[in-house]
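J.: Sequence:
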Amino acid sequence: MPKTLRLVLGDQLNQQHSWFSKIDNSVTYLMMEMRQETDYVSHHIQKVVGFFLAMRDFAKSLQAKGHQILYFTLDTPQNRQTLKEQIEYLIQNQGFDHFEYQLPDEYRLDQLLKEICASLPISSSKVDSEHFLTSREFLKDFFKRKKTYLMETFYREMRRTYDILMDGKEPLTGQWNYDHDNRQALKDKKLLKKPLLHLRQVNEMTEMIEKAGVKTIGKIDPELFSWPVSREESLEILDHFCEHLLANFGAYQDALTTWDPYLFHSRLSFSLNTKMISPLEVVQKVEKYWYAHQNQISIAQVEGFIRQIIGWREYMRGIYWAKMPEFADMNFFGHDRKLPDWFWTGKTKMNCLKESIGQSLDLAYAHHIQRLMVTGNFALLAGIHPDEVDLWYLGIYIDAIEWVEITNTRGMSQFADGGIVGTKPYVSSANYIKKQGNYCDHCAYDSAKKTGHGSCPFNSLYWHFYARNREKLEKNPRIGMMYRTWDKMSNQQEVLDQAEYYLNSLENL
20 MPKTLRLVLG DQLNQQHSWF SKIDNSVTYL MMEMRQETDY VSHHIQKVVG FFLAMRDFAK
80 SLQAKGHQIL YFTLDTPQNR QTLKEQIEYL IQNQGFDHFE YQLPDEYRLD QLLKEICASL
140 PISSSKVDSE HFLTSREFLK DFFKRKKTYL METFYREMRR TYDILMDGKE PLTGQWNYDH
200 DNRQALKDKK LLKKPLLHLR QVNEMTEMIE KAGVKTIGKI DPELFSWPVS REESLEILDH
260 FCEHLLANFG AYQDALTTWD PYLFHSRLSF SLNTKMISPL EVVQKVEKYW YAHQNQISIA
320 QVEGFIRQII GWREYMRGIY WAKMPEFADM NFFGHDRKLP DWFWTGKTKM NCLKESIGQS
380 LDLAYAHHIQ RLMVTGNFAL LAGIHPDEVD LWYLGIYIDA IEWVEITNTR GMSQFADGGI
440 VGTKPYVSSA NYIKKQGNYC DHCAYDSAKK TGHGSCPFNS LYWHFYARNR EKLEKNPRIG
500 MMYRTWDKMS NQQEVLDQAE YYLNSLENL
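For the sequence shown, the residue numbers in this note's numbering are 20 to 528.
I should point out that these hints are in silico values taken from the structure, not numbers from a laboratory.
We treat Cβ as the ideally placed atom computed from N, Cα and C, and that holds for glycine.
Careful: at least some of the hints might be erroneous.
[As the list claims (entries may be wrong)] Label-pair restraints from in silico Cβ distances:
1. E242 <-> E262: 23 to 33 angstroms
2. S154 <-> K491: 26 to 36 angstroms
3. A204 <-> E300: 24 to 34 angstroms
4. D406 <-> Q55: 19 to 29 angstroms
[Said to hold, decoys possible] Here are the simulated lysine-lysine pairs, DSS-like style, with alpha carbons at most 27 angstroms apart:
5. K212 <-> K79
6. K145 <-> K84
7. K145 <-> K79
8. K163 <-> K494
9. K368 <-> K357
All chains, please: the whole structure from these sequences, using the hints.
T.: Okay, structure coming up:
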């Protein structure tokens, strides 16, 4: 009987994939914990642990259903630690006649698997991962002959295609987007709810990773690892979000506060990006829950969440496959500074960055405004090289896989793509950060001061950014007001000198 070897990557934990719909004794599934993937960037220790735990649970669930699994832990003696060597070893020693894989979501692995298949002595084939709502090519084809890829246009197409929050061909209530309603700062602690945490001991796992010499970043409590690592736990997180957090999600999704790291965010990104759950089941569950509780939950809360999943997430994946590999080298502003060392320790006097980076190191998590308007905002204003920013974001967050990380970082956050993802750079002075929460309350710097001792670095760096990039930005219709304001400022040189002082002292901020 012909024997087939099927590869399952660590972010392809989709129990609903058609591969697993029937038991086939001629098929063996290969799963690996490998140095190839732990070492290409320095990952957060919780990210490595999370992936390994989720992979092991997935393998056990397949075995329980009768599928044949070859699972290599990081310390298995027969583990060759790279895909190419492991696949070639198994074909040579176990007599497989055919090799199959699901389309990977990283360009790096896509190219590698093509090369591996071209060199194999047996036939090979690939199938879709059956996770996303669109194909790799959809967005590029959808915006064919268009200069810009407008996310809102794509998002509306997704709503129509999948009949989400729709009344025929029109949106419910006649309004597509409630973003304007979803920018509130959290003023009342009493609104907060306890997150659903699946706590477990991971001592053996962390010891294995340390013994292997894997270089990681961040912290982990081996007694209190809290991320969902199975489909069942992921569905529990989804239920918890609907029942306890959805009612306030939209309003406070942009809030910045020291009170709670998770606020009303779902904590589903790791589950989604490893494919333990699907985007369509998530949005359909949220939509169904809202229909049953319309008297308690406004549509603004629901639309804001659904837009992140079927709008932004799918859009970013489409950008990735439309623009890679060139996207990974884009540097529109020619930024070349090194990321300050305190991005790896959180030891800075700027409280907003101390809180956001410290939380990231502690939890492998930060919500989108912490990433975009605190850490990302600072990196852009300071002129940090996009490569440096990419590596930090890709390593530090548990949900970071290149297809979603690099498009958000090099595109949305750093505007290194020159406007493919965003219509303008997302930069702000201290005023925005202060407005969104309490980060500025106990800071060593004064959010109201542009210059002088104790002035917030965000203020002078903000104007320095616009001044030094005027030639590239002043014709942007969304930015003209900034230059009109700048031209009226009487203390321009003082502001620029203050910014230069901070740029030359990044390590000491």
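J.: What hints, given by number in increasing order, does this structure fail?
T.: Per hint list: single violation, 5.
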